[in-house]
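So the chains spell out like this:
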Amino acid sequence: MALEDICNFKDKPTHKTFPFYASEDTSVSVFTESFNFKWRGEMTSKKASDVPLEFHVPSLFKRPSSRASHSVSVRRPFPLSHGTTTLGFIFQGGVIAAADTRASAGGLVACPAVHKITPIHSHLVVTSSGSGADCMLWERILTREIRLYQLRHKRRLSIRGTAKLLSLMLHPFKGTDVCVALTLCGWDKLIYVCSDGARLQGDIFSVGSGSPYAYGVLDRSLSWSLHKEEAILLAREAVFRATHRDAYSGNNVDLFHVTAEGWRQRQREDLKEEYYRDMEKRGKKMDLKTKKAAKITQ
Amino acid sequence: MLSAQNFGESGKMKEYHYAGPTEHRFSPYAFNGGTVLAVAGEDFAIVASDTRLSEGYSIHSRDSPKCYKLTDTTVLGCSGFHGDCLTLTKIIDARLKMYKHSNNKTMTSGAIAAMLSTILYSRRFFPYYVYNIIGGLDEQGKGAVYSFDPVGSYQRDTYKAGGSASAMLQPLLDNQIGFKNMEGVEHVPLTKDKAVQLVKDVFVSAAERDVYTGDALRICIVTKEGIEEQNIPLRKD
Numbered sequence: 001m002a003l004e005d006i007c008n009f010k011d012k013p014t015h016k017t018f019p020f021y022a023s024e025d026t027s028v029s030v031f032t033e034s035f036n037f038k039w040r041g042e043m044t045s046k047k048a049s050d051v052p053l054e055f056h057v058p059s060l061f062k063r064p065s066s067r068a069s070h071s072v073s074v075r076r077p078f079p080l081s082h083g084t085t086t087l088g089f090i091f092q093g094g095v096i097a098a099a100d101t102r103a104s105a106g107g108l109v110a111c112p113a114v115h116k117i118t119p120i121h122s123h124l125v126v127t128s129s130g131s132g133a134d135c136m137l138w139e140r141i142l143t144r145e146i147r148l149y150q151l152r153h154k155r156r157l158s159i160r161g162t163a164k165l166l167s168l169m170l171h172p173f174k175g176t177d178v179c180v181a182l183t184l185c186g187w188d189k190l191i192y193v194c195s196d197g198a199r200l201q202g203d204i205f206s207v208g209s210g211s212p213y214a215y216g217v218l219d220r221s222l223s224w225s226l227h228k229e230e231a232i233l234l235a236r237e238a239v240f241r242a243t244h245r246d247a248y249s250g251n252n253v254d255l256f257h258v259t260a261e262g263w264r265q266r267q268r269e270d271l272k273e274e275y276y277r278d279m280e281k282r283g284k285k286m287d288l289k290t291k292k293a294a295k296i297t298q
Numbered sequence: 001m002l003s004a005q006n007f008g009e010s011g012k013m014k015e016y017h018y019a020g021p022t023e024h025r026f027s028p029y030a031f032n033g034g035t036v037l038a039v040a041g042e043d044f045a046i047v048a049s050d051t052r053l054s055e056g057y058s059i060h061s062r063d064s065p066k067c068y069k070l071t072d073t074t075v076l077g078c079s080g081f082h083g084d085c086l087t088l089t090k091i092i093d094a095r096l097k098m099y100k101h102s103n104n105k106t107m108t109s110g111a112i113a114a115m116l117s118t119i120l121y122s123r124r125f126f127p128y129y130v131y132n133i134i135g136g137l138d139e140q141g142k143g144a145v146y147s148f149d150p151v152g153s154y155q156r157d158t159y160k161a162g163g164s165a166s167a168m169l170q171p172l173l174d175n176q177i178g179f180k181n182m183e184g185v186e187h188v189p190l191t192k193d194k195a196v197q198l199v200k201d202v203f204v205s206a207a208e209r210d211v212y213t214g215d216a217l218r219i220c221i222v223t224k225e226g227i228e229e230q231n232i233p234l235r236k237d
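Chains as they are written, first to last, in UniProt numbering: chain A, 1 to 298; chain B, 1 to 237.
Think about it this way: if two alpha-carbon atoms lie no more than 30 Å apart in a straight line, the pair counts; the simulated DSS-like pairs of lysine-lysine are:
| hint | chain 1 | residue 1 | chain 2 | residue 2 |
| --- | --- | --- | --- | --- |
| 1 | B | K142 | B | K200 |
| 2 | B | K194 | B | K142 |
| 3 | B | K224 | B | K105 |
| 4 | A | K164 | A | K189 |
| 5 | A | K272 | B | K194 |
| 6 | B | K180 | A | K281 |
| 7 | B | K194 | B | K180 |
| 8 | A | K272 | B | K180 |
Computed Cβ-Cβ distance ranges for the label pairs, DEER-style:
| hint | chain 1 | residue 1 | chain 2 | residue 2 | range |
| --- | --- | --- | --- | --- | --- |
| 9 | A | S122 | B | E228 | 41 to 47 Å |
| 10 | B | H17 | A | R76 | 22 to 28 Å |
| 11 | B | D63 | A | Y275 | 46 to 52 Å |
| 12 | A | S122 | B | K236 | 55 to 61 Å |
| 13 | B | M98 | A | E229 | 50 to 56 Å |
| 14 | B | R62 | A | Y275 | 44 to 50 Å |
| 15 | B | V188 | A | K281 | 31 to 37 Å |
| 16 | B | G226 | A | R268 | 33 to 39 Å |
| 17 | A | P172 | B | K194 | 48 to 54 Å |
| 18 | B | Y57 | A | R76 | 22 to 28 Å |
| 19 | B | A19 | A | R160 | 49 to 55 Å |
| 20 | A | K281 | B | P21 | 54 to 60 Å |
These are computed hints drawn from the structure, not numbers from a lab. Here the structure is a predicted model, which means the values were calculated and not measured. A virtual CB, placed ideally from N, CA and C, is assigned to each residue, including glycine.
Produce the entire structure from the sequences given, and follow the hints as far as they go.
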């Protein structure tokens, strides 16, 4: 994708022409009527220094104004994957990003080992939540655009710039089905971008169905002066508690630590073992409590 | 001919009771059933599917396999809506030819998977109702399985079941191939013969309990020697 652009290679892929243009066959029903969405900058600038705005966007449905009562979007007979717990926070040793690894589609666990944290480049990692396919593809598009910028301008785009670019790219799809909530984790900044149009910078973010539980754990123990190991344990604990309580989060926990030297990934850990260890610890505590209570009553 | 409006989320029939006046719209989708399975081994990959094509209470065909040979090292299994399966395979074949003509080499399994992901996502707002699983050999000659959701999210796996009986088969594969939820068991790597036998047994179980799976089983075994096909009869009821 990136090489094509840098060589100014104009390719017309078949998948863009397959759904018929509305102008060609007006008697065709609304479901085959679609047109290629033209992003504003499709008239590509000849200068190499401009930010490229032409990229393959999925064709959008044209909303027929004559049939306003019908909802135009086709009803999907299958559920898409959703549900997650991801979190990120800043501390003195950099930024920690953690996420679970479950992808659920309706009530089924579609995949128990998904990568929800993806590196974009050596100093930027993005955690994804929302619809699995949307996140995967938009991350791919974002990586491509960042790489193109780097090739064209001989410097990397800043994290704020990346967030703004992503927000701008998602804006045409506001109001549609696209559900993307990404947290861009740089080495000193955390920015949350979502398909509704929000773009927020902050010190601590948790996104997804399990986020309330993660926030609870994080708000209790998070402070700026944590050591690296403490911060890692805290992130792990937050994800573990969230996966325990939230049905749509679970399986393993992925952890990334981003510093000024780059990102480092901690080995993926299965939370099933952690649960049993936790139960054992509690079991010992419970025994102590009942023994004490028994002594008092005697 | 029953319309897809009568079907609930997973393609199973909804109950018949009067729930008030409903508006029936034409739905462009239909659910044609079928199950696909793929397993990756050390130097082989297996893609298997049943051959029943059904719609509602009827069976359209007992000999409609869902494995499609893409290249000498890659097989695609797709189940769901048969119309979309046919179109999708046509598009993939065309793209493979284009790649071959412009790059003078066949597409690798990983490249096909990435391409299929973008093809599926280009129809994000009117998706192909197809559950795809690609099985093949990667550049190093190791077995690879890539599983997709209908809008293009994909992942490399060791084994995956898709289609109508996927929710029944996936836990069985998790246990037998992934050794999940088993204590004190030696993790023996899967041999080709054992994998083929496992796939046969798994489909026999699926045919027992899933109405949309049955008739016959088509297995495609991908090795560096080529693609070997086997046909095994299943329950026809």
